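Listed below are the residues making up each chain.
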Amino acid sequence: MNGISARFRLERDGFLLDASFDVPGKGVTALFGPSGSGKTTLLRCIAGLERAEGSLFVNGMRWQEGKSFAPVHRRELGYVFQEASLFPHLSVQKNLEYGYRRAIDRQVQKDKVIEWLGLSRLIERRDVASLSGGERQRVAIGRALLSSPRMLLLDEPLSALDMRSRQEILPCLERLHRELEIPVLYVTHALDEVARLADHLVLMEEGRVIASGELSGTLARLDLPTAHLDDAGAVIEAVVAEHDDVYALTRLDFHGGSLWVGKVEEQKGAKLRARVLARDVSIALEVPRGTSIANILGARIMEIRDEGPDKVNVCLDVGQMLLSRITRRSRDLLGLKHGMTVYAQVKSVALTR
Amino acid sequence: MTPDDIEAIWLTLKLATVTTCLLLLIATPLAWWLATAMTRYKHVVSALVALPLVLPPSVLGFYLLLLLGPEGWVGRLTAALHLGTLPFTFPGLVAGSVLFSLPFAVQPIQGAFEAIGKRPLEVAATLRANAWDRFASVALPLARPGFITAIILSFAHTVGEFGVVLMLGGNIQGETRVLSVAIYNHAEAMEYGAANLLAGGMVFFSFAVLLLLYLLGGKFWKVAR
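Chains as they are written, first to last, in the numbering used here: chain C, 4 to 356; chain G, 153 to 377.
These aren't lab readings, by the way, just hints derived from the structure by calculation. Just so it is clear, the structure is predicted and the values come from calculations on it, not from any experiment. Cβ coordinates follow ideal geometry from the N, Cα and C atoms, glycine included.
Simulated DEER-style distance windows between Cβ atoms:
{"no.": "1", "chain 1": "C", "residue 1": "Lys97", "chain 2": "G", "residue 2": "Pro208", "range": "44 to 50 Å"}
{"no.": "2", "chain 1": "C", "residue 1": "Lys97", "chain 2": "G", "residue 2": "Asn348", "range": "49 to 55 Å"}
{"no.": "3", "chain 1": "G", "residue 1": "Glu266", "chain 2": "C", "residue 2": "Ser133", "range": "24 to 30 Å"}
{"no.": "4", "chain 1": "G", "residue 1": "Ile178", "chain 2": "C", "residue 2": "Arg129", "range": "34 to 40 Å"}
{"no.": "5", "chain 1": "C", "residue 1": "Phe18", "chain 2": "G", "residue 2": "Glu266", "range": "24 to 30 Å"}
Stretches of chain C that chain G covers, calculated by requiring three or more beta carbons in the stretch to come under 8 Å of a beta carbon on chain G:
{"no.": "6", "segment": "104-112"}
{"no.": "7", "segment": "139-150"}
All chains should be modelled from the sequences, with the hints used to inform the complete structure.
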């Protein structure tokens, strides 16, 4: 039985966590929601750090059901806390070895983990206090992976870091996303991290799971709180199709169309993920002429919903779903309605490897 | 210095060493329990452990004398086990010293355990360490400063104890006559020179111990509350 199936109920200090979800047993699942929505508590229940009622199955392993409750150290998981929490009395090397030596079924390849996370130079350091925040978090992730987990749990691993450390770790996390075969649960309240790293989305609010599903489909839903965020937008899985050396551009193809972006280094055929923010997509009734915008996609309006007093969100089918945020007035001036054929002008695209 | 005085010094050091070792064995689990248990009873236990801090040593010694003596239930137990009764013996002094110095061992260790917090132990659990392993590989090494403070304080406090020893019948040469009692004897016998030598040594010793504590970071006063 593959997949992760979790049902938990925990009441504490007036807060009720009553959450259940089923997600695939591989890839990155983001647990997303505002702070105080119970994401971390849910993750702690999954790890066994909180004793909640409920059940938990991870790729056929029963970790909790009824009276049976596997203690934390018997659950083969890796857990990365918000603050790196390295052992201060151990060197970097000893920190990394802590879980490695105790692994129940040692399958991990040490050198690979060290390479993915760029740990080879840090390993020499004696004192973990001499590491920067980003370095500490990389060691913490490495330490978790070296315990040969069957699932990796990350609790907002970037939130305690400054901008520079974030930029240092995000590529590592993207690398893990590509390389890891085990499922990853990633708690975050930052939508850009979700868009870059997740394949699957579990949305939380006030201790409950309000939606769960494949990433791009869920992000395109206008009825969910994600659509109200400032950086709401869609995610498109694309393939590098063509490089234009004259203008230093790259064409990305996706199911239903293509996008021109600034030239990327990836070879033809490489997979990239494009994030298109709703506020960067405008709508025209006819093919716009005399515009500097390079990406114009034929689209069909799937849904329109009010967004605040002055704006609306529009869900557009361009082969994949795109979101567009325009003013209410524009909607009325253009007479936009469900089912109409229009043109989506994409002003900017952010790429993730 | 007379051979009797030297014997008193040795006896004192022996008493302090044995007491400190026993205290570590008793205080460590007790401190761990006090630092981690969620029950309300722990306040009762905390108060009991701290009692020797406020009680006059003679009170403690008096009840120990009754308890360990032939009519006390511990005394009856030891007699039934053919161990004799403890007052006026070295083991009796050890028992009294352990009780008397208990807060000086428990409180620094408890404070050190509490300062670690839950997180490092949770991290260890997610890295497959079971409860014993977590205690040995994380809690103990991180609580090291507390243990050092506890060892120094227990040892020094036992060296300096007088009231409990006297009440438990401590004036038998080679058995229960420790330094503080020897000083008392010298002073009573107007042998001020001998008393001065031993007492001055104690002052120096105590000062050295406290200096060592402060050099180690002055953790004691923070921890002992």
